[in-house]
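Engineer: The numbering used here applies: residue 21 is where the sequence shown begins, and numbers increase by one.
Bear in mind the hints are in silico, worked out from the structure with no lab data behind them.
Check before you lean on any hint, since a few could be wrong.
To be verified - Computed cross-link-like contacts, DSS-like style, restricted to lysine-lysine with a CA-CA straight-line distance of at most 30 Å:
1. K237 x K207
2. K73 x K45
3. K256 x K201
4. K155 x K188
5. K204 x K256
6. K89 x K73
7. K46 x K147
8. K188 x K207
9. K237 x K155
10. K155 x K89
11. K207 x K283
12. K73 x K46
13. K256 x K147
14. K180 x K204
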Amino acid sequence: MPVNAFDRYGSDVLSGSSPSSHRPKKSRPVELGLGMVLEDAMSGYVGAVIGAKKTTAGIIVELEDRQGKVRAFPLGPGFLLEGQPVDLRLPAKKKPTSPARTASGSRVVEGARARVARGSRIWVEGKHDAELVEKIWGDDLRIEGVVVEPLGGLDDVADKLAAFGPDKDHRVGVLADHLVKGTKESKIAEAVRADPRYRDVVHIIGHPYVDIWQAVKPHVVGIDQWPVVPRGEDWKTGILRRIGWPHADHRDVARGWVRILGKVSTIADVEPTLSGRVEELIDFVTVG
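With the sequences and hints as input, model every part of the structure.
Structural biologist: Printed below as a string of structure tokens:
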């Protein structure tokens, strides 16, 4: 029997002639989404959607619980969403409009293939930064052959530039978090800009946000504004606590980011302060 035909709610064999109000509620169709918190009706297992994949038995949905444990369930009926039975479906493929656009708003080049990676690079501070840039500008970057790499923080950028050895054919654009006057990050950037080795071949630019999360427009996440987290408190867990999401440990932080990133679909979902900086870096590293 195909996986998707298996209804874990089944029929109520004890219902007999009982009133219709006692019958199980009919599952409503719902499109699967990353970060969606679901309960498996049969086992009671609750977790956030972290992915779906095709197997020989059919499509399975992977759920991760608060302890980081991952379990897989067949796509289809048998889940509860906010206490209501749902029949999970894969998101419908959207028919392209004419002319088709990428998430960044660029015109899609039909039949274009990704270039072999250029010698140039765009460096961002962390994994979340790279994932957000990829989600919005990934199509453009592949056409241009540009690779985005996380630095793991700005502190070591001088050493990494020295090791990379940028030149006119191997440019480096750097996107820094919280690049505002007087911060540690701004002093690092000033030192790089002042180094004659990097004139015209390294462009370091930043946004004013404490973290890339803040560059996502608040209404996209479902909040009026990003909360203010006092100095000395971990920023990401502080944000999650204030918006009412799980915030116990790094796993909750990871799940929180999956939920945020899952809400982003186009350049319109991020602040212009970020999008302008990223496009400036793409232009810089693709000159010539």
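Engineer: Honestly, which of those hints from before does the structure not fit?
Structural biologist: Of the numbered hints given earlier, those the structure breaks are 7 and 11, listed in rising order.
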